Amino acid sequence: MYTYLRMSKDKNNGFNIKDYILYFTTVLLLMLIYLYLGNFGKIFGPVSPATEKIAFIYMVTYYAAGVIFSLFVGALIYFTIRFWDRGEKDGVS
Amino acid sequence: MGLARVFEWTTIIGASALFVALSIVSAIILYEINYPLAYATGNNNNNFETIKVIAHQFYWEFQYPNGTKASSLKIKANHMYLLEITSVDVIHSFYIPELGLKQDAYPNYTTRLWLNITQPGIYHVYCTEYCGTGHHIMITIITVVS
Chain Y
1 MYTYLRMSKD KNNGFNIKDY ILYFTTVLLL MLIYLYLGNF GKIFGPVSPA
51 TEKIAFIYMV TYYAAGVIFS LFVGALIYFT IRFWDRGEKD GVS
Chain G
1 MGLARVFEWT TIIGASALFV ALSIVSAIIL YEINYPLAYA TGNNNNNFET
51 IKVIAHQFYW EFQYPNGTKA SSLKIKANHM YLLEITSVDV IHSFYIPELG
101 LKQDAYPNYT TRLWLNITQP GIYHVYCTEY CGTGHHIMIT IITVVS
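Protein chains in written order, with the working numbering: chain Y, 1 to 93; chain G, 1 to 146.
Just so you know, nobody snuck in bad clues.
The calculated lysine-lysine pairs, modelled on DSSO-like cross-linking and capped at a C-alpha distance of 30 Å, are: (1) K42(Y) with K53(Y); (2) K53(Y) with K52(G); (3) K53(Y) with K74(G); (4) K42(Y) with K102(G); (5) K53(Y) with K76(G); (6) K102(G) with K69(G); (7) K53(Y) with K102(G); (8) K52(G) with K69(G); (9) K52(G) with K102(G); (10) K52(G) with K76(G); (11) K102(G) with K74(G); (12) K52(G) with K74(G); (13) K76(G) with K42(Y); (14) K102(G) with K76(G); (15) K74(G) with K42(Y).
A few chain G residues that face chain Y, going by a derived Cβ cut-off under 8 Å, partial list only: (16) A4; (17) T11; (18) A15; (19) L18; (20) V25; (21) S26; (22) E32; (23) I33; (24) P36; (25) E98; (26) L99; (27) W114; (28) I117; (29) T118; (30) Q119.
If you only want the chain Y side, here are some residues facing chain G, beta carbon under 10 Å, derived: (31) G45; (32) P49; (33) A55; (34) V60.
FYI, nobody ran anything at the bench for these hints, they're computed from the structure. These numbers were taken from a predicted model, which means no experiment stands behind them. For glycine and all other residues, C-beta sits at the position ideal for the given N, C-alpha and C.
Pulled out of the complex, with its shape left as it was, chain Y reads as follows (with noise of 0.2 Å):
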């Protein structure tokens, strides 16, 4: 309740510049350690003409699900640090 206050006092909703710079660089980050764990979308080295479609299709899709899982545990974490409620400095929350 007090975050929903707090935010509809603000202008824009208290969403400013230095947040969406924030917010992508945390989708950013995380778009990198999701390509590194998953070897850049890279499973195996073709040897066929098939495999060769298949490990694009492969690629093409990692890559949609990264662009897709970043943005949305981006906003999830980002938003979740943003907005916590840490309570006023008299304990009242």
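Once you have looked at the hints, place chain G on chain Y.
Structure of chain G alone, referenced to chain Y:
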């Protein structure tokens, strides 16, 4: 319209467009994998050999066009083969991990798998459908020669 709203609609429209594009590209590529001769012209249209693959509990049997039978497959590189896969007992699955190709083998039914390997070497074949107590020993090799 605020930045957040613009971002929201960009995400919705962008994700939808991405999924549609991905579906169309995947459909075209999967069609090419399943029907590699569809775009071949002239003499290339019939330039392939058919090999029968028969799955047993717990081994693979290959039948070449001349009637020869073998427990492992030996083929030429850069040559198109059509594998006609079937089973005599239970459901098996013909899987070549190095190529990412897999096709199920059903009793009384023939499935097809187009095979064209460009690099000579030895490739493994596993059964990836649990078929009984000897499932884990149902392994063979494909030898590709130049």
